[in-house]
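Chains A and B supply the protein sequences, listed in that same order. Its first residue numbered 0, the first sequence is counted upward by one per residue in numbering that gives the first Met the number 0. Its first residue numbered 0, the second sequence is counted upward by one per residue in numbering that gives the first Met the number 0.
Hints listed in this document are in silico derivations from the structure and should not be mistaken for laboratory results. One should not assume that every hint holds.
[Claimed, not checked] Straight-line distance between alpha carbons at most 30 Å, and here's what the computed DSS-like set of lysine-lysine pairs gives:
no. : chain 1 : residue 1 : chain 2 : residue 2
1   : B       : Lys73     : A       : Lys517
2   : A       : Lys280    : A       : Lys262
3   : A       : Lys381    : A       : Lys262
4   : B       : Lys2      : A       : Lys596
5   : A       : Lys585    : B       : Lys2
6   : A       : Lys280    : A       : Lys381
7   : B       : Lys9      : A       : Lys585
8   : A       : Lys103    : A       : Lys381
9   : B       : Lys73     : A       : Lys596
10  : B       : Lys9      : A       : Lys596
11  : A       : Lys363    : A       : Lys262
12  : A       : Lys38     : A       : Lys273
13  : A       : Lys464    : A       : Lys596
14  : A       : Lys381    : A       : Lys273
15  : A       : Lys381    : A       : Lys363
16  : A       : Lys363    : A       : Lys103
17  : A       : Lys38     : A       : Lys381
18  : A       : Lys585    : B       : Lys73
19  : A       : Lys103    : A       : Lys262
20  : A       : Lys273    : A       : Lys262
21  : B       : Lys2      : A       : Lys517
22  : A       : Lys517    : A       : Lys596
23  : B       : Lys9      : A       : Lys517
24  : A       : Lys103    : A       : Lys280
25  : B       : Lys2      : B       : Lys73
26  : A       : Lys596    : A       : Lys459
27  : A       : Lys363    : A       : Lys273
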Amino acid sequence: MIKGKFIDNLPKVYGIYTGGFLVFIIIMAIAEQAGMTAKMIGIFFVSFTVLIYALIGWLSRTLQTDAYYVAGRQVPTVFNGMATAADWMSGASFVAMAGGIYFKGYGYMALLVGWTGGYVLVASLLAPYLRKFGCYTVPDFIGTRYGGNLARFSAVIVLTVASFTYVTAQINATGTIASVALDIPFEIAVYVGLASILMCSMLGGMRAVTWTQVAQYIVLIIAYLLPVFWISNNIGAGFFPHFMLADEVARIAELEGQFGFVKNSAADLATVPKGLSAITKAHSSVNATPWAFISLAVCMMAGTASLPHVMMRYFTTPSVRTARRSVGWSLFFIFLLYSSAPMLATLSKISLMDPNLATGIIGKSIAEVQALDWYQNWNQAKLMFVSDFNGNGTLELNEFFMKGSAVVLATPEIAGLPYVISGLVAAGGMAAAMSTADGLVLAISNALSHDVYYKIINPKAETAKRLIVARVLLVLIGFAGATIAALEIQGILGSVIWAFDFAMSGLFFPLVLGVWWKRANAPGAVAGMLLGLISGTAYLVWVRSGGSGFLGITQLTFGIVGAAVSLVSMIVVSLITAAPDAATQKMVDDVRVPSGKTILGKQH
Amino acid sequence: MSKQEQHWEKTRNLLFITLAIWFVFSIGIFLFGAEMQESSIRPFGYPLTYWFTCQGSLAIFVILIFWFAGRQEKIDDEFGFTEREGDQ
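Build out the structure end to end from the sequences listed, making use of the hints.
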């Protein structure tokens, strides 16, 4: 129904979709003026966009394995770039990143560098070669290149550990947003989020996820950029914030000097709700050691190149050449949001801090701030808090507390933008979390259905049966993720960073050396994957349980330990065991050349 | 040396150049974060290190990938290893 013709008409289809979405925003803005309540606007935004994604998911249903696993390998370069950007940018990027920059400054911005720099590794070391391989999943590559079920199964283990850590955080994020926007309890909202995620992926697999992710990217980028540009223009900071906020950055540094960073006593902090913090670090100065910055960036870069839900997006392009270019487009679309996050943090801070602006609250009387509408709303939602620690009746910098996610969610309201923008931001956050969750759930269930069920357990299974197993696993994984998310045991950002470290520990070197080192063999790869994952996890557990760590490697950078062990064990074990046979060496030679047939057939 | 070996040698050299540029802007310059911040070079008026973390390094990565893709396509063309219709 939407075969070739749909592919040819992509720019038109998504052009109409974007236009329709903008019209929807305008209608909501008019409805707001006509007296629609904020709550209704929120409900309309989230449910309308989610229904559209579900519709796309239903239209993309399929009964063919190559469409289910790799979207029929016909996703054009630029659209695959958009889908990857949505796949990549999670609830953490959308909701938490600007807040992290707002509170932690330079030390946190290592994530910006790491989460973009990793794409250079993807483009140059892996994506084009894995595309030439013609695999359906990442363990499919490991299993075929190294040979043997043990290597394949080890890759599935690493993939599952990393992706599952990541996906619980994303389902948690969809639940948080759905519960705020739809005004339902979190425990129920998690399953509403899950239902939306499954609607997008169950019937059409990778094909459905691809086309919903493109739609989700369009929503999330509009939702992120519109407030940034609007606020910047509103406060007269410049019509193009990215190039024009230097004065504001300098002004924040000046105000920080004026207000000073007063350290709150432990007794005072005990009265602050959990998870909220005050500004304690300078906005733009270099406040982390080179090693702290670089080690975090390195982990995020290597993790980027090892996370299967990203890598599998490049299996969907029509050719090796388009896979390579598609990585560039992915990073371009990611860059649009990432380069805006520090600008949003700057605008949010200046709006709150500068006494010359109408929105500034630092230096005003506590009673006045507590009477503000937006303060009351967000205080009720447990995202903001003020307290007069020093008893002088005036709000000081160290007396204003906010949750990281409030920087994105509340700034439009603080800066006096109409509520329709807040509704839009909620829809954007939902799109970001859903698109990543889709990719991750699909990565896990594809690995289990294709690699474990079809390749290891039942190689004779027919297509129809394989696809039923794939869908059943998808639902099971989704429910498992939602159940753990409902327990709320970990924060969103922390577990996302762990996922990168897990992926880096177990998969980075086995993937890279699979292409770049012909001598690498199955025992080496298995040792690299398992010892890397085990040592990284052991280090994490040790540091979490009070261990002192070494070389300044923290629980956020344990991937360095895992990857180092992985590299050494992979090389040593490969060299003391027999070299790969001639057929395998020939396979590696073929992978290195773009022309010719893929290693694995179109349907396998 | 066979055609394929020559192709791989060129590909590998391109990889080393790409990774060298990547290293400079993702790791190298941040060894000198504090020093660069004081520099009088201020792109768009931002402090230098701050600008690199917000925009500079990120934009360089985008350009680097497109440059790399273009060069690799030239290498593939040179040895006749570019994909043809029906290869897949």
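How the hints compare with the structure:
Distance restraint check for B:Lys73 and A:Lys517: the Cα-Cα separation of roughly 24 Å lies within the 30 Å cut-off, and the hinted pair is therefore satisfied. About 11 Å separates the Cα atoms of A:Lys280 and A:Lys262, which keeps this hinted pair within 30 Å; it holds. Pair hint A:Lys381 plus A:Lys262 holds up; C-alpha atoms about 22 Å apart against a cutoff of 30 Å. A C-alpha spacing of about 18 Å is found between B:Lys2 and A:Lys596, which places the hinted pair at or below 30 Å, so the restraint holds.
Our distance criterion of 30 Å between C-alpha atoms is met by A:Lys585 and B:Lys2, whose separation comes to about 15 Å. Our distance criterion of 30 Å between C-alpha atoms is met by A:Lys280 and A:Lys381, whose separation comes to about 22 Å. With a CA separation close to 19 Å, the supplied pair B:Lys9 and A:Lys585 stays within the 30 Å bound. This hinted pair checks out: A:Lys103 and A:Lys381 have alpha carbons roughly 21 Å apart, not beyond 30 Å.
A C-alpha spacing of about 20 Å is found between B:Lys73 and A:Lys596, which places the hinted pair at or below 30 Å, so the restraint holds. Taking the CA atoms of B:Lys9 and A:Lys596, the gap is near 22 Å; set against the 30 Å cutoff, the hint holds. Between A:Lys363 and A:Lys262 the CA atoms are separated by roughly 20 Å; this keeps the pair inside 30 Å, and the hint holds. Our distance criterion of 30 Å between C-alpha atoms is met by A:Lys38 and A:Lys273, whose separation comes to about 26 Å.
At most 30 Å may separate the alpha-carbon atoms for a hinted pair to count; A:Lys464 and A:Lys596 meet this at roughly 28 Å. Restraint check for A:Lys381 and A:Lys273: the C-alpha separation of about 9 Å stays at or below 30 Å, so the hint holds. Restraint check for A:Lys381 and A:Lys363: the C-alpha separation of about 21 Å stays at or below 30 Å, so the hint holds. Distance hint between A:Lys363 and A:Lys103 is fulfilled; the C-alpha atoms sit about 24 Å from each other, no more than 30 Å.
With a C-alpha separation of about 17 Å, the suggested pair A:Lys38 and A:Lys381 falls inside the 30 Å cut-off, and the hint holds. Between A:Lys585 and B:Lys73, the direct Cα distance comes to roughly 24 Å. Compliance with the 30 Å bound is thereby established for this hinted pair. As the CA atoms of A:Lys103 and A:Lys262 are separated by approximately 15 Å, the hinted pair is consistent with the 30 Å bound. Straight-line distance between C-alpha atoms of A:Lys273 and A:Lys262 comes to about 17 Å, which keeps the hinted pair within the 30 Å bound.
With a C-alpha separation of about 18 Å, the suggested pair B:Lys2 and A:Lys517 falls inside the 30 Å cut-off, and the hint holds. Distance check on the hinted pair: A:Lys517 and A:Lys596 sit about 20 Å apart at the alpha-carbon level, within 30 Å; holds. Under the criterion of a C-alpha separation no larger than 30 Å, the hint pairing B:Lys9 with A:Lys517 is consistent with the structure, at around 17 Å. Proximity of A:Lys103 to A:Lys280 is assessed by CA-CA distance (about 6 Å); at most 30 Å being required, the pair is judged to hold.
Using a Cα cut-off of 30 Å, the hinted pair B:Lys2 and B:Lys73 holds, with the two alpha carbons roughly 15 Å apart. Taking the CA atoms of A:Lys596 and A:Lys459, the gap is near 24 Å; set against the 30 Å cutoff, the hint holds. For the hint linking A:Lys363 to A:Lys273, the alpha-carbon distance of about 25 Å falls within 30 Å, and the restraint holds.
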